Amino acid sequence: MNLLMIIRVAFRALVRNKMRAALTMLGIIIGVSAVIAMVSIGQGASASVQAQIDSIGTNLLFVSAGAQNVGGVRSGTGDTGTNTLTVDDLEAIKREVPSVSMVTPAVNTRAQLVAGNQNWNTSLQGVSEQYPDIRKWTVKNGAFFTDADVRTAARVIVIGQTLADTLYPGSDAVGQTIRVTNLPFRVVGVMAAKGQDPQGRDQDDIAFAPYTTVQKKVLGRDRVQIAYVSAISQDATYTAQQQITDLLRQRHKLAASEPDDFTVRNMTDVAEAANETSKTMTILLACIAGVSLLVGGIGIMNIMLVSVTERTREIGIRMAIGARSSAVRSQFLIESIVLSLTGGTVGIILGVGLSLAIPAMLGWPTLVSMMAIIGSVIFSAAVGIFFGYYPARKAAALDPIEALRYE
Amino acid sequence: MVAVAAAEGNPFYLWTKKMLRIEPQQLTVNPALLAEIPEARTVIQLDHIHKTYTMGDVEVHALRGVSLTIREGEFVAIMGASGSGKSTTMNIIGCLDRPTRGTYILDGEDVSQMSKDERADIRCKKIGFVFQGFNLLSRTSALENVELPMLYLGVDAAQRHQRAMEALAAVGLAGREQNHPNQLSGGQQQRVAVARSLVNHPALILADEPTGNLDSRTSVEVMEIFQRLNRERGITLVLVTHEPDIAQYADRVIVFKDGKIKSDYQVQDKRDAAEELKNMPAVDEDDEDEE
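Chains as they are written, first to last, in my numbering: chain X, 29 to 435; chain R, 1217 to 1507.
Hints should not be assumed to be uniformly reliable.
Capping the alpha-carbon separation at 27 Å, the derived lysine-lysine pairs in DSS-like fashion look like this [stated by the list, open to error]: (1) R:1342 - R:1494; (2) R:1476 - X:422; (3) R:1332 - X:244; (4) X:307 - X:122; (5) X:244 - X:122; (6) R:1478 - R:1332.
Residues of chain X clear of chain R, computed beta-carbon distances all greater than 12 Å [what the hints assert, rightly or not]: (7) 273; (8) 424; (9) 427.
Ranges between beta-carbon positions, derived for each pair [what the hints assert, rightly or not]: (10) X:425 - R:1377: 47 to 57 Å; (11) X:333 - R:1474: 20 to 30 Å; (12) X:76 - R:1396: 53 to 63 Å.
No lab work stands behind these hints, which were simulated from the structure alone. Just so we're clear, the structure is a prediction, and the values are computed from it rather than from any experiment. Note that beta-carbon positions come from the ideal geometry of N, C-alpha and C, so glycine has one too.
Excised from the complex, chain X in its bound form (with noise of 0.2 Å):
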């Protein structure tokens, strides 16, 4: 008796109970369904992670003052305390790393801006002209302050898109005055839109001012907390990073045996960081998932006991008239395997509709995984195998006399 046949006897024995079959696969269905939607939030939440941290820049390096670890104790990047990282520190950067193509200091304060009867409580930023290319974001209005700008400390602002619309609403905002601690500051450009940052604060709630002016003019102190360099290439971060540390260590006149005072991070670290952020919360809903596809699995294996039970004299029957013990075995494990996998294609097609409607019904972003679904179909067909293979060594070894006497 070929497989064929015994795939024809096993489908069959399901088709004859349907019902049963059908509730049978059920907790295949829902465990399969939520591996897959939940892998594909998962994966989602790590796209998008991953989609914000291509927008800043994967060559993006950040130098801050103070160093990250002092004797295993973790402080705060740009500790305020700190005073290790001086424009000139940045102009030597930028003048001796070969693998640096731009780089800006990042001056950063709370300030409440006024404009005419509205008022706005936000960060603001002193940076170089050359941020939009290392941050990559573009200007909507206007234009961003120059060289000159910088070099002048000139009163002029460059504000976020929230900004723009709670300070002047329905109007352009470029040629207005916003008064800054009552200095007033000439708009010249918006940026773009950039939404949401991956923790949720709004990046456009922001605004910008040569870092000349803001350390004069509205802190009066020439300090930089951070800096934002960009390496020549992606490649040349690593390369990048080892430089500018060098370079600081030599110019702070750190020896071998003192710790940095100052810290130099790059995107790419961050990048990895988040996606071992993600991977974990990945990981964590699908184990989650993983047990209802489990205790499905037991389902099947409860079912499936039973019915060898209640099936005992067809399976005597089936024995009297010339099937072999093997061939009873494969049928009920073919039974099993073929319940589950059912289960799993059903399963599959719930688990992708549901990660296709999630962003639809709660705004989360999905990515349906390949891996994901060959995943499943594998792991249901093994839970069919697993958990079938017991009771088909149950009914194979019936003795015909017996099975056909059992009422």
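Knowing the structure of chain X, use the given hints to seat chain R on it.
Then chain R, alone, in the frame of chain X:
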């Protein structure tokens, strides 16, 4: 012209009687038919079969040295009280069980020491079973039930269908192929079972109390089919029954008692089911069909 002596157990006697359906001493025998007699093959040969079951510490001797020979074309009824060993004998003849001692040659093959799988194959090819409880697969059409043994033999789909249709027609169930067992009467179900036992062209059909669950008229109908198959196709039939009047439809009766053969005789006034059916009051077929 050859005269044949009447003697119990004499194959010439048996065959002559079967061929001509009259007592041989009354007539001369057609030599053309007589020429076939030496070809009457032995289908079943049991030689000193013992079967012992161990139940806990107690040994139960179900069979204590049974020897018997059944030739091709014979219609044999096995009788005996419960516990006489007739069921054990049937299980051994049907290759469902193995003897503890002794040899069993079925259709030229020694099956007494065969493995479980080998016996399954023998059952598939050489034995057709008809049971008391019909033992059809429920929720499965008559046609599929009849096709089942061919499925295990590996007959291709077209031939399976054709042979199953023929077998169902042979037992008078043409047009009922798609009915499920619960849509058929007891007699019809048993006829499906008979069709199923036929399809692999077995050397032997083994019927275990085939009329046990049937009323008297339906019993006669089933016996009529058995007699017809035996007469027209020369199929060897072994029938296990405890009803003496059912045994009267066979050619030969073997009676078991205490694990041994008590008697083995030719039926003197064999009943003819077809004749009896003619004389029975007609039953409205539709009533039966609607069950």
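- request: Please test the hint of 47 to 57 Å on the beta carbon pair from residue 425 of chain X and residue 1377 of chain R.
  value: violated (33 Å)
Next on the checklist: Given the hinted pair residue 1342 of chain R and residue 1494 of chain R, is their Cα-Cα distance within 27 Å?
Outcome noted: Violated, because 33 Å separates the two Cα atoms, which is more than 27 Å.
* Determine whether the non-interface label on residue 427 of chain X survives the test: each CB of chain R must be over 12 Å from its CB. => At roughly 8 Å from the nearest Cβ of chain R, residue 427 of chain X sits no farther out than 12 Å, so the non-interface label is violated.
- Message: Against the 27 Å threshold, does the CA-CA distance of residue 307 of chain X and residue 122 of chain X hold or violate the hint?
- Response: violated (36 Å)
The hint says 53 to 63 Å between residue 76 of chain X and residue 1396 of chain R; measuring C-beta to C-beta, is that right? holds (57 Å)
- Quick one, are residue 244 of chain X and residue 122 of chain X close enough, alpha carbons at most 27 Å? Holds, at about 22 Å.
Does the structure keep residue 1332 of chain R and residue 244 of chain X at a Cα separation of 27 Å or less? With Cα atoms ~98 Å apart, residue 1332 of chain R and residue 244 of chain X exceed 27 Å; violated.
- Was residue 424 of chain X rightly flagged as not at the interface, with every chain R Cβ beyond 12 Å? violated (10 Å)
| Are the Cα positions of residue 1476 of chain R and residue 422 of chain X separated by 27 Å at most? | Violated: residue 1476 of chain R and residue 422 of chain X sit about 35 Å apart, past 27 Å.
Could one say that the CB atoms of residue 333 of chain X and residue 1474 of chain R fall in the range 20 to 30 Å?
violated (41 Å)
Hint check: residue 1478 of chain R vs residue 1332 of chain R, CA-CA at most 27 Å. Holds or violated?
violated (31 Å)
Checklist entry - Taking 12 Å as the cut and beta carbons as the points, is residue 273 of chain X off the interface with chain R? => result For residue 273 of chain X, whose nearest Cβ neighbour in chain R is about 75 Å away, the distance exceeds 12 Å, so it holds.
When the structure is compared with the earlier hints, violations turn up for hints 1, 2, 3, 4, 6, 8, 9, 10 and 11 and for no others.
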